[in-house]
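> Residue numbers (the working numbering), protein chains in the order written: chain A, 1 to 429; chain B, 1001 to 1212.
No lab work stands behind these hints: they were computed from the structure.
Keep in mind the model is a prediction, meaning the values are calculated, not measured.
One should not assume that every hint holds.
As the list claims (entries may be wrong) - Looking from chain B toward chain A, a few residues come up when the C-beta cut is under 10 Å (computed):
#, residue
1, Leu1195
2, Val1199
3, Thr1202
What the hints assert, rightly or not - Computed list of chain A residues with no C-beta within reach of chain B, every gap over 10 Å:
#, residue
4, Gln28
5, Pro76
6, Glu97
7, Gly98
8, Gly195
9, Arg253
10, Leu259
11, Val336
12, Arg392
13, Ser403
Where a beta carbon is used, it is the ideal one built from N, C-alpha and C, also for glycine.
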Amino acid sequence: MKDKTNDNKADSCLPGGLVPTEQWTLPQTSVRRSLKDAIRHALKQLRAGVSQTEEPFESMDELPELSAAQQRRLAPEPDYSHQAEAIACGLEQARSEGSLSRDVVCLVAPPFSGVQQALTRFSECGQSGSNESGKVWNIISPPDALLFDDQEASEWWDKQDLSRPWIIPELADFWLRRLSGLALVKELFRRIASGDMGAGIVGCSSWCWRYWGHYLESAQMSPWSPAPMDADRLGVWFTYLASGSGKSSVIARMTGDGLYVLPLPETDEAENSKSQKKTKYSNFLRDLAATSRGNPGVALAIWQRSLRARPDDDTKLDEAGDQSDTQSRSADCWVVPLGRLSLPSMPQSKESATGFVLHGLLLHNGLDTASLAVVTGVSAHELSLVLSRLKRAELVIQDSPGSDWQVTAIGYPTVRRHLQSWGFPLDQF
Amino acid sequence: MIEDLGVKGAFASITGQAMLQALLVIVIASLIIVAVQKVLPRVAEKLGGKPRLYLLASVPLLRLLIILATIVIVVPVLVKPSFENMVAIFGALALALGFAFKEYASSLIAGIVTLYEMPYRPGDWIEVDGQYGEVRAIGARAAEIVTPDDTVVIIPHSKLWNSLIANGNDGTDNLMCVADFHLEANHNVSQVRELLRDVAFTSREQKPGSLC
Chain A
1 MKDKTNDNKA
11 DSCLPGGLVP
21 TEQWTLPQTS
31 VRRSLKDAIR
41 HALKQLRAGV
51 SQTEEPFESM
61 DELPELSAAQ
71 QRRLAPEPDY
81 SHQAEAIACG
91 LEQARSEGSL
101 SRDVVCLVAP
111 PFSGVQQALT
121 RFSECGQSGS
131 NESGKVWNII
141 SPPDALLFDD
151 QEASEWWDKQ
161 DLSRPWIIPE
171 LADFWLRRLS
181 GLALVKELFR
191 RIASGDMGAG
201 IVGCSSWCWR
211 YWGHYLESAQ
221 MSPWSPAPMD
231 ADRLGVWFTY
241 LASGSGKSSV
251 IARMTGDGLY
261 VLPLPETDEA
271 ENSKSQKKTK
281 YSNFLRDLAA
291 TSRGNPGVAL
301 AIWQRSLRAR
311 PDDDTKLDEA
321 GDQSDTQSRS
331 ADCWVVPLGR
341 LSLPSMPQSK
351 ESATGFVLHG
361 LLLHNGLDTA
371 SLAVVTGVSA
381 HELSLVLSRL
391 KRAELVIQDS
401 PGSDWQVTAI
411 GYPTVRRHLQ
421 SWGFPLDQF
Chain B
1001 MIEDLGVKGA
1011 FASITGQAML
1021 QALLVIVIAS
1031 LIIVAVQKVL
1041 PRVAEKLGGK
1051 PRLYLLASVP
1061 LLRLLIILAT
1071 IVIVVPVLVK
1081 PSFENMVAIF
1091 GALALALGFA
1101 FKEYASSLIA
1111 GIVTLYEMPY
1121 RPGDWIEVDG
1131 QYGEVRAIGA
1141 RAAEIVTPDD
1151 TVVIIPHSKL
1161 WNSLIANGND
1171 GTDNLMCVAD
1181 FHLEANHNVS
1191 QVRELLRDVA
1201 FTSREQKPGS
1211 LC
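With the hints as extra help, turn the sequences into a complete structure.
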């Protein structure tokens, strides 16, 4: 019974489980939606040329956005400990089925998938049982400075405790795209290939993986990835996030036509035939899955921005949030159509520095200003101008002065699309 | 001789009003061509990737279509479109072009062929007869390239018939850069190869998969 409960939880917080990366497919969308997106993208580019103002995320409706408390209640950030358990279950299942036999597993996921955060919590949430030896996982943290020669890189890896299973939450933290910044990762892959690393898990951003996949053409790592979030999986996941203890339900309907987004249609045929006559469902989740390219973090960011509450619902929802989690309750919220949400726009710029900066940030899964200047070759002065413009446009964010710059989840679709049109190599997700 | 061809007869019916109408059509067509040549490249600048390349390549094609449409409209306005008149006009034109504007006509025809075969498009880096540069514009008779030292070179399309045209990126946004370097005689070949590979991979301009 306990196993079944855990399986259900794993299914909900990591819908679709883990799949070999080559089996990952983009969620389907309608031709109409694709054409609409392409035209919107072209018009935005043209409009950006006419008006030079930065356009961050914008909603074109009158309804009030959710308060922080309502957002925590209806669309909270995921608990990565649960995701870590789901990943452990997925790996264990793959091993038991014989589809995974390597000692070192590479988990490749697009940015904002939460794999890095989950792997960081792997040892905290009692995953010791998931490896055969029963030992606690050792998280390998990157060194402060990443510039090494081959000899120094070898010595650094010698110092790491590889006697017990290890985890690298994000490989992108172990290298810099410059001549002396590649040694650590090269040495890691050399050791993995020669079987010197023991059992471990390497988490890697899809952009970083794409780079190293080309650099080490002969390395066949057979990576695994979280399954893409299609409409059904997004529905399951959003319901799971909002349900807390699992005893509440969320009813989300479109603001325009009142069609249902959540709860999902019943899968039971008898129930389905009865309820479907009464209930009409929206294509919002299918469009959201396509817009976010099956990326849960991006989908959640857009979902959070698309939820609305009627003014008189504010107090009800806040009260519901204060109630005990054990009480069964339901909460209504409204969803703005994707067509009425404007994702952040790329500021118009003739300089190519913008592309280099954004590509550098994605390759390294975030960088501080000094490292970004080293990697992109853009001068500190120009870099500060580019970063401030991108920040105003809500495409990049820096949590605190001096910390790493990151691409925002809500800005990621715009950034990826522009990097594609500028001819930069993209990840496969 | 012109009389023998019947050209005089063909133009005998031209009135002042017809001339004005034809002139108006030509002026409007010229304005549209100028607008196309000015606006489309500007719009293309705002777009990235393939839409930009397609839009730039469509400029000479649109101009050709506008010119053809103008001819189709203007000729019936000026002369009665009978078989004899057409033979007379085009015969005279062929004669004049054949003798006086042979090279010009050759370039014009080659210009039409370039629109179809696309040996170069705006944005391509090409080399023709030792001149290397980026194609800035494609006209009816010639293409304009800008060399790395910022010199504009006009290359007649007729070069297409008898010259080798080298195209560095051929309509894509990938352009290979070649750099010469020198090594000492007793160098370690594999070490140098590895180092050069790392240099290429750590270049911000490098695209994975584009290395030889």
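> If a hint holds in the structure, say so; if it does not, say that too.
Hint-by-hint comparison with the structure:
| no. | hint | in the structure |
| --- | --- | --- |
| 1 | Leu1195 | holds (8 Å) |
| 2 | Val1199 | holds (7 Å) |
| 3 | Thr1202 | holds (5 Å) |
| 4 | Gln28 | holds (23 Å) |
| 5 | Pro76 | holds (37 Å) |
| 6 | Glu97 | holds (32 Å) |
| 7 | Gly98 | holds (32 Å) |
| 8 | Gly195 | holds (23 Å) |
| 9 | Arg253 | holds (37 Å) |
| 10 | Leu259 | holds (34 Å) |
| 11 | Val336 | holds (28 Å) |
| 12 | Arg392 | holds (20 Å) |
| 13 | Ser403 | holds (23 Å) |
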